[in-house]
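4 protein chains.
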Amino acid sequence: MMTSTIESLGDCRFYSRLPHMCCKGAGFKTDSDHIACDDKVNREFGSDAAQRDGLSFEVAGPREHIYYDSANTTAAIVTCGGLCPGVNDVIRGLVMELWHGYGVTDILGIRYGYDGLVLRHGHQPLPLSPEVVSNIQTFGGTMLGTSRGPQSVPEMVDALEQLGIDILFVIGGDGTLKGGAAIVEEIHRRGLRKSVIGIPKTIDNDIMYLDKSFGFETAFAEAVKAVSCAHVEAICAINGIGLVKLMGRASGFIGCYAVLASQQVNFCLIPEVPFELDGSRGFLEALRYRIARRKHAVIVVAEGAGQELLETKPTETDASGNRRLGDIGLFLKREISHFFHSCNIPITLKYIDPSYAIRSVPASPQDNVYCSILAKNAVHAGMAGKTNMLVGRWHDTFVHIPLRIVISDRRRIDPRGDVWRSVLEATGQPRNMSAAA
Amino acid sequence: MMTSTIESLGDCRFYSRLPHMCCKGAGFKTDSDHIACDDKVNREFGSDAAQRDGLSFEVAGPREHIYYDSANTTAAIVTCGGLCPGVNDVIRGLVMELWHGYGVTDILGIRYGYDGLVLRHGHQPLPLSPEVVSNIQTFGGTMLGTSRGPQSVPEMVDALEQLGIDILFVIGGDGTLKGGAAIVEEIHRRGLRKSVIGIPKTIDNDIMYLDKSFGFETAFAEAVKAVSCAHVEAICAINGIGLVKLMGRASGFIGCYAVLASQQVNFCLIPEVPFELDGSRGFLEALRYRIARRKHAVIVVAEGAGQELLETKPTETDASGNRRLGDIGLFLKREISHFFHSCNIPITLKYIDPSYAIRSVPASPQDNVYCSILAKNAVHAGMAGKTNMLVGRWHDTFVHIPLRIVISDRRRIDPRGDVWRSVLEATGQPRNMSAAA
Amino acid sequence: MMTSTIESLGDCRFYSRLPHMCCKGAGFKTDSDHIACDDKVNREFGSDAAQRDGLSFEVAGPREHIYYDSANTTAAIVTCGGLCPGVNDVIRGLVMELWHGYGVTDILGIRYGYDGLVLRHGHQPLPLSPEVVSNIQTFGGTMLGTSRGPQSVPEMVDALEQLGIDILFVIGGDGTLKGGAAIVEEIHRRGLRKSVIGIPKTIDNDIMYLDKSFGFETAFAEAVKAVSCAHVEAICAINGIGLVKLMGRASGFIGCYAVLASQQVNFCLIPEVPFELDGSRGFLEALRYRIARRKHAVIVVAEGAGQELLETKPTETDASGNRRLGDIGLFLKREISHFFHSCNIPITLKYIDPSYAIRSVPASPQDNVYCSILAKNAVHAGMAGKTNMLVGRWHDTFVHIPLRIVISDRRRIDPRGDVWRSVLEATGQPRNMSAAA
Amino acid sequence: MMTSTIESLGDCRFYSRLPHMCCKGAGFKTDSDHIACDDKVNREFGSDAAQRDGLSFEVAGPREHIYYDSANTTAAIVTCGGLCPGVNDVIRGLVMELWHGYGVTDILGIRYGYDGLVLRHGHQPLPLSPEVVSNIQTFGGTMLGTSRGPQSVPEMVDALEQLGIDILFVIGGDGTLKGGAAIVEEIHRRGLRKSVIGIPKTIDNDIMYLDKSFGFETAFAEAVKAVSCAHVEAICAINGIGLVKLMGRASGFIGCYAVLASQQVNFCLIPEVPFELDGSRGFLEALRYRIARRKHAVIVVAEGAGQELLETKPTETDASGNRRLGDIGLFLKREISHFFHSCNIPITLKYIDPSYAIRSVPASPQDNVYCSILAKNAVHAGMAGKTNMLVGRWHDTFVHIPLRIVISDRRRIDPRGDVWRSVLEATGQPRNMSAAA
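These protein sequence lines map, in sequence, to chains A, B, C and D. Take 1 as the starting number for the first sequence in the numbering used here and just add one per residue. Take 1 as the starting number for the second sequence in the numbering used here and just add one per residue. Take 1 as the starting number for the third sequence in the numbering used here and just add one per residue. Take 1 as the starting number for the fourth sequence in the numbering used here and just add one per residue.
Isolated chain A, as found in the complex (with noise of 0.2 Å):
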């Protein structure tokens, strides 16, 4: 268990030195506010030691001084990776938190990721206002463009240092967050003055130390639709089988809570929980069994399970440096086609890919409303001269969380745990599916 917290990075938060302006009924947040990492208590030993001493984060929100001067400041906002439902809210509530919230009006849109902070490649930053980006949360998308991959990160810092930025506002997920890392280094490196702020995004809901990534609830939501449709064509004809992949590259939660949302679901397949396809305690015989008994059957893959069954070479990654992944449904398609035509068995298969349609929505009431606050959170650290974090929300509260803690690892589901279980009860099938479990 870490034990250090974000006391220790001191060197990364500036003088602060200006008197906070226009922040309507706050109560300051000091950075003494911390909350505990670690909540469990075991009341059996009539002691909780192991708590006091753990990890902390610093609570997120307006301080009494801040750390730039308003009207000097130019603030820029760059989003990053895959598609995302909320990514122009957090656009949205980035700009409108600097322009109402402290005098901040210049403020740059970097067009298409990191591509748009090499200057050579002839990207024009996008000048961004409350009016520019008003109505952007009812569409889907980025309003800046994206794109996958790292940039020269002394281009990168070249191009901050031209365009005269200050605060860096980093939207993306983890490789994108390293990126940003590497960018604060550099900084420091240089000597400069500059902040990088992180606001998490991962459709897959697995970044450490946050309850949830934004985007993650709208994108679930979404992928219910799709179960849904899988379902409808199981139920309508003799053997159907409904096949879905859905987003999960390390972790399953989309695809569990798509199971625990729409209750249709039999077999539930993500990367924590290791199966094997063949022999008596395999998916497919499972699955044979199911449908024997009830002539049909809804199954949820995520993209990143059953990587072992695949015969890809494990050293190749796309543009964004991911491990590129073996298609699991496409594979899962063949395979249980196989199965059942060599039991001589017939079933109508039909394989559902939604990913495109999930991740390219507008951001549902839920998200909207946490991307704003998240937005604005971020706006508040960064006013106030932190930089090398993130802002996240941690049971319920929202922190500032350092930026290499968050990248160490991931979040994942824990296959002994609440969630998981409840996907187990939903579904009804077998707890294990493979010899190694």
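No wet-lab data here; the hints were simulated from the structure. Note that this is a predicted model, so its numbers are computed, not measured. Among the hints, a few may not be true.
As the list claims (entries may be wrong) - Here are the computed lysine-lysine pairs in the DSS-like style, where the Cα-Cα straight-line distance is at most 30 Å:
(1) D:Lys40 <-> C:Lys29
(2) C:Lys212 <-> D:Lys29
(3) D:Lys333 <-> C:Lys212
(4) B:Lys212 <-> A:Lys29
(5) B:Lys212 <-> A:Lys40
(6) B:Lys333 <-> C:Lys333
(7) D:Lys333 <-> C:Lys40
(8) D:Lys29 <-> D:Lys212
(9) D:Lys29 <-> A:Lys333
(10) B:Lys178 <-> B:Lys212
(11) C:Lys40 <-> D:Lys212
(12) B:Lys333 <-> A:Lys212
(13) A:Lys212 <-> B:Lys178
(14) C:Lys40 <-> D:Lys40
(15) B:Lys40 <-> B:Lys29
For this one, chain A is given, so just place chains B, C and D on it according to the hints.
Coordinates of chains B, C and D only, in the frame set by chain A:
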């Protein structure tokens, strides 16, 4: 701050004696697993002694040993009070977990709230099974029906005896849970061995020690639609004013979240923040200024807001024992019309009261999941022999909370907290529209 | 039956002199292309002479020759009366076709209905271009604003002259179109060369010689949601009654279609079918019987139904010149409550008036398409020098209809037709709840 | 042009002998009530002789006398072919009208299409009643299941005899209706007295002499969502291209209407309008030009478009006897990628195939109403002793159409008509991307 813990309610837990049969893949929880109620840490003083001895909650989940013998157990479910999205999801979850998780097949649905527990009223209980509840989550309301108001506690316990009910699941709000506590008392007085497990229902999201109450997210998402209508009406007329009354008797959660999600509201009036109508700093003058400058305005008012402005007898109560509120919506409609008439400013005022539309919709996917897990944990608690408690989620963990703690107070919007500050920034309304504030 | 055709309005078509520039791939229509108004045939008599000489409508579409010189033409759009889904779609379609289809770039958006055509009221017209209207169809209402009521016709024609408007597109209902006809007359009186093209808007779907009016399908789809809420409220209470008031001043289309789509309504009351409250065959007795038998009931009442039961002065009118209706919804709410109270039967009555929610939503995809084609045809007509007419769809073909024919009467539900028979079957209500019927 | 009328099919109507019992408030229709198929009039020639003798359709509706004795009649319903929104609505409407309208209580649901009419396959028919079908319209698909492909006609008529079925309602497309016609022939050959009534189902909206087919409006509304996703994906990437494959084997209705509703598509490719890939006027060059100018593009392609570009054997057919199409979507995806690669232009291409999501949703309110009235009219026809016909809506009137006429050809988008012209204007695509055109 309270210092007691659920441990002190030891008398309400029965002797466990049955091995748990069927909880798949479960990491069992023990009654020693707790989470701290307050996770705040002040790093300045290098100590968090206050927290160490603080209130903590038993973690919910399946227990290794259970109290009731599934084969001879009769469970019953009763739903009381106003409609709220998700009640059918909870009913479904209870039945599914009882039936499939524990093998309890004697499950009675009590009709029309506590009314159905007074046998001489003649409402026949409905036998529940997985088949009966299989699709009910696709419909709003409660398949069991509901009613308001208390009933004779001895008569209700008579019914529990006559129907042979061992575990009663009570889904309802403040008044209902008080009724549940009274039933527990009567059960103890008679020396019976019956459990009462509460599942808190309040569309207002105002139950203490709960991250959120089920249905709330669905509800404010519906409220956003009403706000959008009001916005469209307002901008399409000369000096158009859209006035929306939302739920929120004692707490303005629905109003505040609808404001944050829609970003289209100019005034948000909630019970927690008093305001005055008249005077140069009053609401009407602020509205006049807004109309003069922008030609339209959208107002959200929680039903419990501004009660001090109404001349009602505070002692009047409705069938549920709730104080009968004056209708602030119609009051404001009238006052605004008079005011602008007296100012000789023509306005077009549209008044929208979407309450029934909000409360009767089916639960959103987020609430589907929440209700499902909540219900499962209620069953785990009931089967383990717990009583006089409710299940809830606190700091992202499902917990057991003693009934008496929950009904002692209400959760409210903190006028100095994140949410209200975000609302003020979103509306641009004056921070203070009251001499008192 | 009318026998005149649009041909006899020859004086309202100007001399065409410009070759059509840009209508892609068009099969041009000529003014000789008509469709028969009445396509009924009685095979028994072996002849259909009646039809041959019957009313027919000019088919809409681009003409080979156009009247106005695009480079020197100014078009204007005005939207009047109550909100209706699809108005923004029509505005968008007009601008897009004028700009891209004909090269007309002088397009004025008149603000707030006919009010904006009275220049001394000071509403500046809004210049419209593809960029301005590009996304407006995603929002409800009208981006131009609207108002009710007539204005001085000479003043409005003064405005047309001063603003140099050649073609005025008028989007509105009955009263608005009558205003349009008056403007045409004044234009002719002054010997001006200006076109007025009507685009009929009525959420009630009650315009003569139109298959459907735009927005109607969106509207009744919204109404279905309100009916569902009422149904949920009704079934969840003991003797629950849900009462929904829907639009429909003179015609019960929205009510009837909401009944047919929802299949959850037990009584549908519309203006075309009188009913009585009292007596053994009256509505209240029928309702009592339904409640006794089924314990709940859902009632849909069109706002214009049962007016003969209300004691209002029939000469009162609103700003648009519409007869002011008594509020049948509140009246029924009161009467039903009294009746059951007098019968000593406890009921729970929920009254829902969703009108603003229905009329302010964005158009559904079906209406998007309909509005878009309707608008294009309005532009084709205007550019071809037509005037004093509206565009509509009759028997699935887009046509030109003379203004004077349309405003002479209203379309109504036929109490002996398909729709009403289906409603009776869906509700199971008595065919006759009136001594008069 | 056809000149025959349904009258000439006199042999397929039985002798009517029963008074109609229960059709409430009905204006009965007689078989002499017809509407003209063609309502076009050319005013230039002062005559419309052609029309007078033209094809006309019997008007649908309840008849004063009916053929079948309700007490001794068995009806059956079979649903065949691909899923389509609204099938459950039709089933519900048939059962409700049979049961409540005519007192027929022997109603069988045939399982899994024509497969279920081959008794040795062992699919037990499902007895249908109002209770069983009461809520099915809230779910997509068909509660009876479906299958593709023909079955032995004699075996199916054997089943009709063995199950005592008097009226068979057949819900299906082209192939299914041909099967229905073959069943009628076999019935006549055997001298039996059984009716076969078709209810045309085609999500492609391509049935001759039908204003629209049920489910079509729901379907293209879903397609709009997929187009929106593609649009978001396209605008968020550098040179982003969104490619959406939609239904439309022989007709591009879904594609065209999705284009018109969304107004976000730049290329629409349909079967009716051939195009070439290569050459200076080909599709790829037009796409390159669009990308160069606007940096993104959205393409909609109907599955039947561009088949001449694919090298498939035209004689291959699927189980329903439909010609197996090459996959134009994947083909275009490949060709576009190759083309831009060869041009050295980086693109981001997202391919979306939403077919299952489109076809499996519940019907929209518009389709709810349409299906409900369609089904009622099917029952009226069946009970009146009609056979060998289908019910449809033509020019806004419900009519009877002889099976043989309908299956003789398909309805198509007219490349010179309103719809295609509007599509060209909405997309801005070249009118001609083919040397052949």
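Do the hints match the structure? See the list:
no.: 1; hint: D:Lys40 <-> C:Lys29; result: holds, 12 Å
no.: 2; hint: C:Lys212 <-> D:Lys29; result: holds, 23 Å
no.: 3; hint: D:Lys333 <-> C:Lys212; result: violated, 40 Å
no.: 4; hint: B:Lys212 <-> A:Lys29; result: holds, 23 Å
no.: 5; hint: B:Lys212 <-> A:Lys40; result: holds, 20 Å
no.: 6; hint: B:Lys333 <-> C:Lys333; result: holds, 21 Å
no.: 7; hint: D:Lys333 <-> C:Lys40; result: violated, 50 Å
no.: 8; hint: D:Lys29 <-> D:Lys212; result: holds, 23 Å
no.: 9; hint: D:Lys29 <-> A:Lys333; result: violated, 53 Å
no.: 10; hint: B:Lys178 <-> B:Lys212; result: holds, 20 Å
no.: 11; hint: C:Lys40 <-> D:Lys212; result: holds, 20 Å
no.: 12; hint: B:Lys333 <-> A:Lys212; result: violated, 40 Å
no.: 13; hint: A:Lys212 <-> B:Lys178; result: violated, 33 Å
no.: 14; hint: C:Lys40 <-> D:Lys40; result: holds, 13 Å
no.: 15; hint: B:Lys40 <-> B:Lys29; result: holds, 25 Å
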